[in-house]
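S.K.: The opening position of the sequence shown corresponds to residue 806 in the numbering used here, with each subsequent residue numbered one higher.
Check the hints yourself; a few may be wrong.
To be verified - Below 20 Å or equal to it, Euclidean Cα-Cα: the simulated EDC-like pairs (lysine to aspartate or glutamate) are:
#: 1; residue 1: Lys827; residue 2: Glu880
#: 2; residue 1: Lys851; residue 2: Glu880
#: 3; residue 1: Lys841; residue 2: Glu865
#: 4; residue 1: Lys851; residue 2: Glu824
#: 5; residue 1: Lys841; residue 2: Glu821
#: 6; residue 1: Lys827; residue 2: Glu865
#: 7; residue 1: Lys838; residue 2: Glu821
#: 8; residue 1: Lys827; residue 2: Asp815
#: 9; residue 1: Lys833; residue 2: Glu844
#: 10; residue 1: Lys859; residue 2: Glu846
#: 11; residue 1: Lys827; residue 2: Glu844
#: 12; residue 1: Lys827; residue 2: Asp863
#: 13; residue 1: Lys859; residue 2: Glu837
Unchecked claim - Cβ-Cβ distance ranges computed for the label pairs, FRET-style:
#: 14; residue 1: Val819; residue 2: Glu844; range: 28 to 36 Å
#: 15; residue 1: Met806; residue 2: Arg878; range: 16 to 24 Å
#: 16; residue 1: Glu842; residue 2: Gly864; range: 28 to 36 Å
#: 17; residue 1: Gly864; residue 2: Val819; range: 26 to 34 Å
#: 18; residue 1: Phe814; residue 2: Arg878; range: 28 to 36 Å
#: 19; residue 1: Phe809; residue 2: Gln881; range: 14 to 22 Å
#: 20; residue 1: Ala816; residue 2: Gly864; range: 28 to 36 Å
#: 21; residue 1: Lys827; residue 2: Gly864; range: 24 to 32 Å
#: 22; residue 1: Met806; residue 2: Val862; range: 15 to 23 Å
#: 23; residue 1: Lys841; residue 2: Glu865; range: 26 to 34 Å
#: 24; residue 1: Pro866; residue 2: Gln829; range: 30 to 38 Å
#: 25; residue 1: Glu844; residue 2: Glu821; range: 17 to 25 Å
#: 26; residue 1: Gly864; residue 2: Gly830; range: 25 to 33 Å
Hints listed in this document are in silico derivations from the structure and should not be mistaken for laboratory results. Please read these numbers as outputs of a predicted model, since none were measured by experiment. Just so it is clear, CB atoms sit at the ideal spot from N, CA and C, and this is done for glycine as well.
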Amino acid sequence: MTVFAASVFDATVVFEGQELFKGQGSAKAWAEKVAKELETEVTVEKVGTGWVLKATVDGEPRTWGIFGQRLSRIEQVG
806 MTVFAASVFD ATVVFEGQEL FKGQGSAKAW AEKVAKELET EVTVEKVGTG WVLKATVDGE
866 PRTWGIFGQR LSRIEQVG
């Protein structure tokens, strides 16, 4: 099963209309899962009151937050 289909039950916050990870620790744990699946480095970044996952995939920058308890690509906020 892909990590992108797994439910995200971690605490979240909403910042500028985007649902983000509330804690750095949970964001880092999900970053490790995504990095393993995509075989690329995934970092976490503080944005407003929450945390996002960031990586470069196929030469393109990607940012992930949460939507409907799933990881979801989002536009950069903040």
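S.K.: Please test the hint of 14 to 22 Å on the beta carbon pair from Phe809 and Gln881.
M.R.: holds (19 Å)
S.K.: So if I understand the rule, the pair passes when the alpha-carbon distance is 20 Å or less; does Lys827 with Glu865 pass?
M.R.: The given pair, whose Cα atoms are some 25 Å apart, is violated under the 20 Å limit.
S.K.: Assess, step by step, whether the Cα of Lys827 is no farther than 20 Å from the Cα of Asp863, and give holds or violated.
M.R.: violated (28 Å)
S.K.: Within 16 to 24 Å: is that where the Cβ-Cβ distance between Met806 and Arg878 falls?
M.R.: Holds: the Cβ-Cβ distance is about 19 Å, inside 16 to 24 Å.
S.K.: Checking one constraint from the list: CA of Lys841 to CA of Glu865, max 20 Å. Satisfied?
M.R.: Distance of about 18 Å is within 20 Å: holds.
S.K.: Looking only at beta-carbon atoms, does the pair Glu844, Glu821 fall within the given range of 17 to 25 Å?
M.R.: violated (31 Å)
S.K.: Keeping to a limit of 20 Å between CA atoms, is the pair of Lys841 and Glu821 held or broken?
M.R.: violated (29 Å)
S.K.: Is 28 to 36 Å right for how far apart the beta carbons of Ala816 and Gly864 are?
M.R.: Since Ala816 and Gly864 have Cβ atoms about 33 Å apart, the given range 28 to 36 Å holds.
S.K.: Run the distance test for Lys859 versus Glu846: straight-line Cα separation, threshold 20 Å.
M.R.: This hinted pair holds, its Cα atoms lying about 9 Å apart.
S.K.: Using the beta carbons of Gly864 and Gly830, state whether their distance is inside 25 to 33 Å or not.
M.R.: holds (30 Å)
S.K.: Lys827 and Glu844: Cα distance at most 20 Å?
M.R.: Roughly 25 Å separates the two Cα atoms, so the pair is violated.
S.K.: Decide if the proposed pair is consistent with the structure: Lys833 and Glu844, CA atoms, cutoff 20 Å inclusive.
M.R.: Roughly 15 Å between the alpha carbons, so the hint for Lys833 and Glu844 holds.
Hints 5, 6, 7, 11, 12, 16, 18, 23, 24 and 25 from the list above are not met by this structure, while the remaining hints are.
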